[in-house]
Amino acid sequence: MDAAGAGSPISFHSCGEKMIKVDGAMYAAMTRGPRTTAGTVALARLVRDRAVLRTFFRHTVEQIDRIRPRLMVIDNLNVGAIDAACVRRVPFVLSIAFPPSGVYLGRLPWSYPTPTSGLPHRMNGTQRIANVAFRIRMRAAMLRCADLAAARERRAHGIANVFADPERHSDDAVAVLGYSVFGLEHPFAAPPHLHMVGAVVPQEPARADRDDELSGWLDRHESVVYVNMGTLIKLSAVQLREFAEALRRIGPGNQVLWKLPADQRALLPAELPANVRTVEWVPAHFGVLTHPHVRAVVCHGGNNIFHEALYCGQPMLVMPFWLDCYDLAARAVDSGAGLALDRPPAFDAAEVSAKLLRLLSGDSYRRRSRHWGDRLRQAGGVARAADIVLRAAARHTSGDRLTAVRPQDAAVAAAPDARDR
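Numbering (my numbering), first residue to last: 191 to 611.
No lab work stands behind these hints, which were simulated from the structure alone.
Where is the CB? At the ideal position from N, CA and C, for every residue including glycine.
There may be inaccurate statements among the hints.
As the list claims (entries may be wrong) - Computed spacing ranges between beta-carbons, pair by pair:
# : residue 1 : residue 2 : range
1 : M332      : A215      : 16 to 22 Å
2 : T480      : R235      : 25 to 31 Å
3 : S413      : G348      : 55 to 61 Å
4 : G296      : A323      : 17 to 23 Å
5 : A540      : L422      : 24 to 30 Å
6 : R279      : S204      : 22 to 28 Å
7 : L333      : G406      : 53 to 59 Å
8 : A215      : V428      : 19 to 25 Å
9 : G406      : A330      : 27 to 33 Å
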């Protein structure tokens with residue numbers, strides 16, 4: 191992409207204010223636990239909100255008319271930008287920032303874990319019944335939240351996909367990028383223009399992103415657990431106390447680097463365990479993940495940290511709090527690369543400490559995480575994603591859809607490699 195952009199510098203243009211703002215009501219809806227519909231419905235209503243869509247549609251149309259792009263790359267949650275691309279007939283690549291199965295509910299058999307269910311790939315009888323019941327409830331809930339007035343408004347603007355169905359957005363795209371690999375993502379009948387490119391991570395960390403002081407601290411401790419719960423998770427004072435106690439129990443032989451925002455640090459117990467170091471931000475994120483003394487990661491199961499940890503060969507304990515995080519927690523367990531909470535989002539010190547000690551006591555989880563790290567690298571990452579975008583831009587005048595660059599993608603989608611089990 192750098193080479194293709196020679197003489198055409200990168201510039202930034204506003205398409206409006208931040209689209210997704212997680213307020214208290216939405217946070218409460220999203221953290222009710224797996225197999226609940228409230229969080230998915232709340233997110234769907236937010237991204238399809240008429241005021242939000244009008245703003246992003248109008249601003250994106252203005253930018254399209256001014257810039258005249260040959261191709262767009264659009265996040266699948268940015269419905270207004272997708273609408274603008276379709277109305278202005280600009281070909282686009284769709285970027286899916288969560289397990290791709292979440293976009294293709296209509297393609298999933300009833301035996302497939304329903305998105306946001308947190309169910310494993312191999313379900314027992316009780317789980318299969320729960321899965322079917324949840325699928326029915328989810329479909330009914332999404333039908334109930336359909337906005338007919340918004341649909342009429344969208345139709346008046348010439349938008350064919352009036353209910354903003356995500357699978358139809360995929361159908362309209364010239365290519366779709368998924369940031370995982372089949373085997374981690376459970377196989378399903380994927381469309382041929384879905385490209386699983388693995389983890390998209392920096393090829394070489396910038397000098398400004400290095401932290402010599404933190405590197406020195408890691409060098410001095412032979413066993414470190416890295417805790418990174420993303421930027422949106424808000425633990426209560428009780429949860430923070432339980433989690434801190436869990437970290438105390440894995441010491442003193444295991445040190446902990448805990449990335450924690452300032453507002454959360456204010457809720458911590460007055461005295462932290464001696465083996466715990468908290469920081470507000472980790473600029474050298476990949477330097478931590480790849481450090482030889484870091485032996486495990488604790489995360490919320492966000493798509494980025496989940497795949498970044500595996501890419502770097504780190505086993506993980508996933509503590510999911512909402513939506514797709516429940517599914518990625520199940521994939522951590524199914525893949526053999528990690529453990530997850532038994533009844534998320536609830537936890538206590540005993541459960542967390544016991545599972546961390548399991549991760550740290552043997553090498554089977556690390557072997558599996560390294561296996562998946564190899565698979566993610568083989569998928570191509572940044573270079574392959576850039577190649578797909580450039581190929582799509584070169585071919586857009588023909589209206590051709592860019593099908594899988596690697597023929598094995600389709601085969602893997604249907605039948606995962608036995609080595610992945």
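Do the hints match the structure? See the list:
1. The given range of 16 to 22 Å is respected by M332 and A215, whose C-beta atoms sit roughly 19 Å from each other.
2. For the hinted restraint 25 to 31 Å between T480 and R235, the CB-CB distance of approximately 40 Å leaves it violated.
3. Checked against the hint of 55 to 61 Å, the C-beta distance between S413 and G348 comes to roughly 60 Å, which is consistent with it.
4. G296 and A323 have their C-beta atoms about 18 Å apart, which keeps the hinted 17 to 23 Å range intact.
5. The hinted range of 24 to 30 Å is satisfied by A540 and L422, whose Cβ atoms lie roughly 26 Å apart.
6. In this structure the supplied range 22 to 28 Å holds for R279 paired with S204, their Cβ-Cβ distance being about 23 Å.
7. Take L333 and G406: their Cβ atoms lie about 57 Å apart, and the range 53 to 59 Å holds.
8. The beta-carbon spacing between A215 and V428, approximately 21 Å, falls within the hinted interval of 19 to 25 Å.
9. At roughly 56 Å, the beta carbons of G406 and A330 sit outside the given window of 27 to 33 Å.
When held up to the earlier numbered hints, the structure conflicts with 2, 9 and fits the remainder.
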